[in-house]
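We have chain A; now place chain B onto it with these hints.
Listed below are the residues making up each chain.
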Amino acid sequence: MRSTQDVAQKQDSGLGHYSDPPLLVLASLASGPKHGHAMIEDIVRLCGTRLGPGTLYGAIARLEQQGWIEPLPPEERRRPYRITAVGLRVLRAKLTTLRQFAKAGLERLEA
Amino acid sequence: MTLRFTRLLTRLYPRAWRERYGEEFEGFLQRSNGGIWALIDVVQSALWERIFPTVGGKMDRSFGTIVRQPSAFVPMAMSLTALAILGGAYIFGLATGHGGLVRAPDEGSIAHIWQLLMAGQMPVLAFFAIKWLPRAPRQTLYVLALQAGAALASMAPVFFLHL
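Keeping their order, the protein sequence lines are chains A and B.
First residue of the first sequence? That's 1 in the numbering used here, and the numbers climb one at a time after it.
First residue of the second sequence? That's 1001 in the numbering used here, and the numbers climb one at a time after it.
Isolated chain A (complex conformation):
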């Protein structure tokens, strides 16, 4: 299994990578409930970052604490999680901020 650092080393030393585990987990759950492994694979497809097991569960625990995600009944020792309505609002707000930031940054580069 490759971890975040492993993938980062192979892709221009992490340049062009995005790594904010809670935000990545929220973004992954925006398309529907998922368990840990499904989240990791989805996040790899989403931005190329592979979260390590500890990082993933650290993000899950903190997101659950904040009420932004919630657990569903376990399926064979796999517990799926889903994003809550508050989590969706937070994700939308964070992504909007990121879009504005990215737009402003790219405009400066092109100027």
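Think of the hints as simulated: they come from the structure by calculation, not from any bench.
For glycine and all other residues, C-beta sits at the position ideal for the given N, C-alpha and C.
Among the hints, erroneous ones may be present.
As the list claims (entries may be wrong) - Partner residues are not named here, just some residues of chain B that face chain A (Cβ under 8 Å, in silico): (1) E1019; (2) Y1021; (3) G1027; (4) F1028; (5) W1037; (6) Q1044; (7) E1049; (8) T1054; (9) F1092.
As the list claims (entries may be wrong) - Sample of chain A residues lacking proximity to chain B, with all beta carbon distances greater than 12 Å (derived): (10) D20; (11) A27; (12) A85; (13) L88; (14) L91; (15) R92; (16) A93; (17) T97; (18) R99; (19) K103.
Okay, now just chain B, sitting in the frame of chain A:
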């Protein structure tokens, strides 16, 4: 990863975290391929969880859980040990006919042990307060009151006997 190894890794996390996430985390690790970076990631996250524990969800943050933290009971144990040392020295003094505890000009080894125990608990106490006050203020204040009570009980003989 093997079952034994995943259990070992999961045990690096605090008990409250294990009770909530332990089973699914073990299952998750067993289905992982492992690797040195995954191992480092788990160890690092477990250490982080011990320093800044996640509280919430269904995790327990009761008084009973907090008072069982080493940083909660170690200062109390140090104060009570200091008090027991003074008590032991007092009884020894009475038994040997020196009239209990008397102030020695060079303070003596009993005084130095007492000072080490009382001063040594300060960083542990500070760590406990920094770690737990933001997470469970009321329960932490109860524990801090117990710690203060134990410290005062240990200081009382020094004050009243003018040691």
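Evaluated hints:
no.: 1; hint: E1019; result: violated, 12 Å
no.: 2; hint: Y1021; result: holds, 6 Å
no.: 3; hint: G1027; result: holds, 3 Å
no.: 4; hint: F1028; result: holds, 5 Å
no.: 5; hint: W1037; result: holds, 3 Å
no.: 6; hint: Q1044; result: holds, 6 Å
no.: 7; hint: E1049; result: holds, 7 Å
no.: 8; hint: T1054; result: holds, 4 Å
no.: 9; hint: F1092; result: violated, 52 Å
no.: 10; hint: D20; result: holds, 16 Å
no.: 11; hint: A27; result: holds, 20 Å
no.: 12; hint: A85; result: holds, 17 Å
no.: 13; hint: L88; result: holds, 19 Å
no.: 14; hint: L91; result: holds, 19 Å
no.: 15; hint: R92; result: holds, 22 Å
no.: 16; hint: A93; result: holds, 21 Å
no.: 17; hint: T97; result: holds, 25 Å
no.: 18; hint: R99; result: holds, 29 Å
no.: 19; hint: K103; result: holds, 33 Å
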